[in-house]
Amino acid sequence: MKRAIDIAVLPAIPEHIRVAVLEVTGRLKDMPGALLPILHGVQDALGYVPEEAVPLIAREMNLSRADVHGVITFYHHFRQRPAGRRVIHLCRAESCQAMGAVTLEQHVKRRLDIDFHQTTADGAYTLEPVYCLGNCACSPAMMMDGELKGRMTPERFDAWLEAEAP
Amino acid sequence: MSVTVYVPRDAGALSLGAEAVARAIASEARRRHVDVRVVRNGSRGLYWLEPLVEVETSIGRVAYGPVQPEDVPALFDADFLHGGKHVLGHGPTADIDYLKRQQRLTFERVGVVDPRSLEDYRAHGGYRGLAAALHMSGEEIVQTVLDSGLRGRGGAAFPAGIKWKTCLEAPSQRKYVVCNADEGDSGTFADRMIMEGDPFVLIEGMTIAGLAVGATQGYIYLRVEYPHAQRALEEAIAIAEAAGLLGDDVGGSGKAFHLEVRMGGGAYICGEETSLLESLEGKRGQVRFKPPLPAIEGLFGKPTVINNVVTLASVPIILDRGAGYYRDYGSGKSRGTLPIQLAGNVKRPGLVEHAFGLSLRELAEGYGGGTASGRPIRAVQVGGPLGAYIPASQLDTPIDYEAFIAMGGMIGHGGVVVFDDTVDMAAQARYAMEFCAIESCGKCTPCRIGSTRGVEVIDRIVAGDARERNEVLLRDLCQTMIAGSLCALGGMAPFPVLSALDHFPEDFTGAADKANA
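Chains as they are written, first to last, in numbering that gives the first Met the number 0: chain A, 0 to 165; chain B, 0 to 516.
Some hints could be false.
[Stated by the list, open to error] With a cut-off of at most 25 Å between alpha-carbon atoms, the simulated PhoX-like pairs for lysine-lysine come out as follows: (1) K28(A) to K301(B); (2) K164(B) to K282(B); (3) K332(B) to K442(B); (4) K346(B) to K332(B); (5) K332(B) to K254(B); (6) K282(B) to K28(A).
By construction, these hints were calculated from the structure, which means they are not laboratory data.
For reference, chain A alone in the conformation it holds in the complex (with noise of 0.2 Å):
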């Protein structure tokens, strides 16, 4: 990757974001192809991986904005704004789809009142598709906050927004 000495002055970052990036970069930045571990190391530490992160993340790596920049939107997993209190990440690949995934989708879209990439209303639930979980033998599967849930139906999924209700 081509490498920009970033000499112009950082514009001003709200301060929670500038300790957390620096305290990730001045632990990772030195491990071969840290990029992708530093992005982790951010979106862990703030719940996304703010547009302000992005010069102070360049300027620690020896990149360019646009470098960071490229990387945080090719990858599904990073994501520029806040989520949800919980992400739900629905399986929409083949095996979910033998075994009821669609229908499910389209529940889980209606109960929630929001498509995929979106957040509810009130900020509880963001819904995320996902391309497959290795659930497959479980399948339809479903993740709630890093929580794996196979088997899932229309029924399942209503008891558990119950069950999590604030």
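With chain A's structure known, arrange chain B on it following the hints.
Just chain B, lined up with the frame of chain A:
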């Protein structure tokens, strides 16, 4: 005396409530003042029985499943701790037909051992392959892998030994071993099961690969969708390091091998080896032109062996028992065993490791027991989202590389997804194009643009808009993608589309045509 009870910590078993079952067993045992030791094993791969609880008895391990927390008191009442009879009982695990008929080499320990116990791994034959390799030269290790006939189990099926030989012969001060753990194909979960259920076998396989080619650094590139596997691998790596089996002095040999897990970013294309290397270098995961081959110029420009999880996990047994032992399984040019993942609409989904040559029918109807819905099988997709749809009439095809190539399909990573007769094959064809459009890395035009156009043309066909003319256009587009794409994503996405068109033309009859009929 304490009784050992096994409750899987495999992500699939957890997704069905295994954690609550483990807790229920521990608390019920305390309540009854019985001494129970709960071991969290991997999965045996009998997923319709998960959570599958096993009890160590005088006649071996006895299986109960699927167990839910509310079943636990009744299991204790039935004296399951001594193999007592219960409606959820299946007798000795080893005698369950589904398991008994398999030929488990790569998976011999998965579901059996405690994945966090190095002692358990060793007690079941672990690290014997490395011990053998430490007495061999790089050339001898590579020759053994060549002689075993092992081909890459990731999809392309390239002989592993040839990759290794190329890397061994490439002059460089620094070389790498990279494990492709970006198991993104729908219907595949064998890699995940190994990483969660027997992570040391992958570590051992990679260490042997490092010794073979002279690499001192290894990376496991793991997909972000597998947080359970990440935890299992990182724990196992720390244990292996502490035991001196990884690090500067592997097993006291004076040779170094370091290993690190790197998480991907949720991009299917990073399962393609050159995209994966770009991603590991911290870049967008775009496909590289080949040549140069990664074995000559790979990660950070250095010679790199890159293999799939199952491939690397098959290496220890080859080094331990010899090339011939492994090669003697299988048929033709498809040597050894293939861990087949049976999924989709099937009564008994799970992992079936068997020598090549098993027919799809034996798999779907024999092992799988037919569809979960009880309806007839209509189509089977083999090899993930880029694999062809095979109609029920061709279920007698044997599972080996050559037979599949001959009928325009591929085995890929060994995922088999079954569909019943309610499937809409035009929708599946559209999905294949849509998937390619979402996951294309964007580097080459046929894949980037062709997939989006493909979705539009299928929509027009299904809408009954100039069906014949649009079918000609769709086939032409598919040929362009096959011939003109840089990698398998664009080059193979047309396979499910064309196979759906060829075998299920009736599903592409649009609404307008139906009205006219």
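A quick look at each hint next to the structure:
1. With a C-alpha separation of about 21 Å, the suggested pairing of K28(A) with K301(B) holds against the 25 Å cut-off.
2. Between K164(B) and K282(B) the alpha-carbon distance is near 28 Å, which puts this suggested pair outside the 25 Å criterion.
3. Note on K332(B) and K442(B): the hinted pairing is violated, with a Cα-Cα distance of about 34 Å set against a maximum of 25 Å.
4. For the suggested pair K346(B) and K332(B), the alpha carbons sit about 32 Å apart, so the restraint of at most 25 Å is broken.
5. This hinted pair does not check out: K332(B) and K254(B) have alpha carbons roughly 34 Å apart, beyond 25 Å.
6. For the suggested pair K282(B) and K28(A), the alpha carbons sit about 14 Å apart, so the restraint of at most 25 Å is met.
Hint compliance for this structure: hints 2, 3, 4 and 5 are broken, all remaining hints hold.
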